[in-house]
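Peer 1: Chain residues, written in single-letter form:
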Amino acid sequence: MKEDELKPIIEAALFMTNEPVSVKRLSAMFKTSPNKIRRILEELKLEFEQSDHGIYVLETEYGYQLRVKPGFVSYVRRLTPYKELGRGLLRVLSMVAYKQPITQAEIVKVIGNRTYEYVKTLEEKGLIKTVRHSRTKALMPTKEFANYFGLENPEDVKKFFEEMTKEEDQASS
Amino acid sequence: MLNDQQLIDLMVSEPSWEDIIVKIVAEERMDPWSVDIIRLSDTFFIYIQKMEKLDLRIPARFILIASILLRMKSDVLVEKEERILIPESEKEPDETLRILAELPPLQPPIKRIPLRNVTLNELINALRKAYKIQERRVERRIRVRRAVDFAIPIEEEDITQRIDKLLSSINEALKEVDNIEFSRLVRRWGRKEIVEALLPLLHLSQQGKISLTQEELFKEIVVRLKREGR
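Keeping their order, the protein sequence lines are chains C and R.
Residue numbering for the first sequence follows my numbering, starting at 1 and increasing by one per position.
Residue numbering for the second sequence follows my numbering, starting at 1001 and increasing by one per position.
Isolated chain R (complex conformation) (with noise of 0.2 Å):
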């Protein structure tokens, strides 16, 4: 329990009243609706008549919470004596949670969002900004696919002569043995000299000239030729 100089401490240590409430109540372990008003006036006059100082922000909350105090009893004392027309006794236990259920819900007012009608100005300046945006839009697509032209230089080769190109190359490899990989066509292996190769090796094999096997995922790809007849 809380002696008379710490709850002095509280009231003038605290920034805000609720706070000081919420700890009267949790220190004293008191019923919310019944902390003791005469108590803390009692302990403002000590306050009061220890104080060499006046500082006047701290009676006044001192007034400010023994007021809000004041006012909640009071405001629960009028709403019980409103209610007890039925003695107590008399109602059924849960006679409350019936009168609570029946009271109607609270409703806050809806809120209507006001739209406010456009001007012409803005519908022509609208129009501006459509076009604007739309030849920036093609000026965009120009700069990348010129940005796309330089990071991807198109090869000058045509496709079919690269086909022939290695299938020929195939063909002398595979003159005296079954099958060779694909690492030994590729003339160097750096990525784009890997893609070179892999681009007409698989419209060989989509054509049926050739057969690919893999083992493996990422592994070595197996080509051998398709002879007539095989």
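Extracted from the complex, chain C is given alone in its bound form (with noise of 0.2 Å):
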């Protein structure tokens, strides 16, 4: 198939998936080579880039996934009742955010067994890291945790966690 074929279905794919796709499931999809097919990717992505979309491609290391720009996310977010992370990935995700660093088994001791498989998703969506730390794994937000929140950095969060805190303490008094 010719690059100018390929782009537009590249594209569709990705459009179709709410996970990412990878270079290699891509290339074995299409019969392409990997490399064409990073080209490509690599192209989009700096097409979503420009000011007039509203979305971008995201990059992780478990492959490609479109997602709306930060900046949009509050003009569109009522068009659907389908939030990309569900109560438990959400709450495992908090605790990383509030703790940065945590340990994974600090976050068993609260969740539960379920965290293994929340740590892994939310890894594969590139929102937090792992590290290993004796024993178990350090997790940590990465750069695009906080552009996914449209943040300048992950620590930034870290003090919408404490405003919480304070006005608890408050009601509390």
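If you are wondering where the hints come from, they were derived from the structure by calculation, not from laboratory data.
Treat each hint with caution, since some may be false.
To be verified - Which chain C residues face chain R? A few, computed with CB under 7 Å, are given here:
| no. | residue |
| --- | --- |
| 1 | 16 |
| 2 | 85 |
| 3 | 149 |
In this text, a Cβ means the ideal position worked out from N, Cα and C, and glycines have one as well.
From these two lone chains plus the hints, build me the complex, please.
Peer 2: Given below as structure tokens:
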């Protein structure tokens, strides 16, 4: 298949899925070399980065995914009732964001055994990264996490949590 | 076959036009594509002539059914005309099947389920809930532990004391006889007392001081002392 024929197909593939799609998978699906697929994905990435697009191509180590640019989320979020992150995922992510870094074992104590599955999914989505920490893993939010919530840095989220605890303290006193 | 009056009754009584057509086809044993529209129109005229009061819903239904049938028939005729490029006689008998097989399958459009980003407020609320759930879990664990402690009173007597006590009563009982039934070692045949006696008995058996035999499940357990050299 020619490159100009393949490009819209790859764009459609990214549009269809809500999960990151790997180069390997796209290469197998369209019987094209991974290099060619990667080149097209990079082209798409650059194109969507232009300000006249409301979405962008997110690249993580698990693949590529289309996302709404953080600045436009508030305009369109009411159009769908489905949240990208379910309750469990969100709880794990919130703990990672609040403590950063936090060990996986600490989260297991609060959330339970499903933590392992949630951590893997959040990692696939590029929102957290894991570092080996003795027998467990240390988890911390990524740059993509900051990007997702429209923050400069992942650490900036801490001040929102501090405000939350302040409000709670005031309410209890 | 339906007479005119039956046809009128059918048209007036049935709730939907689909049911009417199905009934006409069934009653008249007609090919669904060959329902006689002229006959339908004629019965309609008879109905109009007989009518004293005009209920607008009824003629509307006649017109609807007749027009639907007319539309269906005309569609079939148009399709036929388009297809008659090769005279029927010259076609192979399985030609239609071949044409059908070559038709591309219908592909319904695939719907994408859009997912929205989570907001910062939702993230903060999730943390609050996570810790609340943990608190509730700890509270529940404490409650369950208290309930279990209440439901199962823990014996104050040490298990080794109970084992020794039971062994001495077995020794006493087996001075003159070779064996004793378990039921005779239990002071009162109640559930609690049975468990109280069985537990040290099993320990004694495990320690190799006694041997237990039970010929049938839930039947009597026979206790024997294991003497040295035996």
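Peer 1: Tell me if the interface restraint on residue 85 of chain C is satisfied: Cβ within less than 7 Å of some Cβ in chain R.
Peer 2: holds, 5 Å
Peer 1: Regarding the hint that residue 149 of chain C lies at the interface with chain R, is the smallest CB-CB distance below 7 Å?
Peer 2: holds, 5 Å
Peer 1: Would the hint on residue 16 of chain C stand, with a C-beta cut-off of 7 Å toward chain R?
Peer 2: holds, 6 Å
No hint from the list above goes unmet by this structure.
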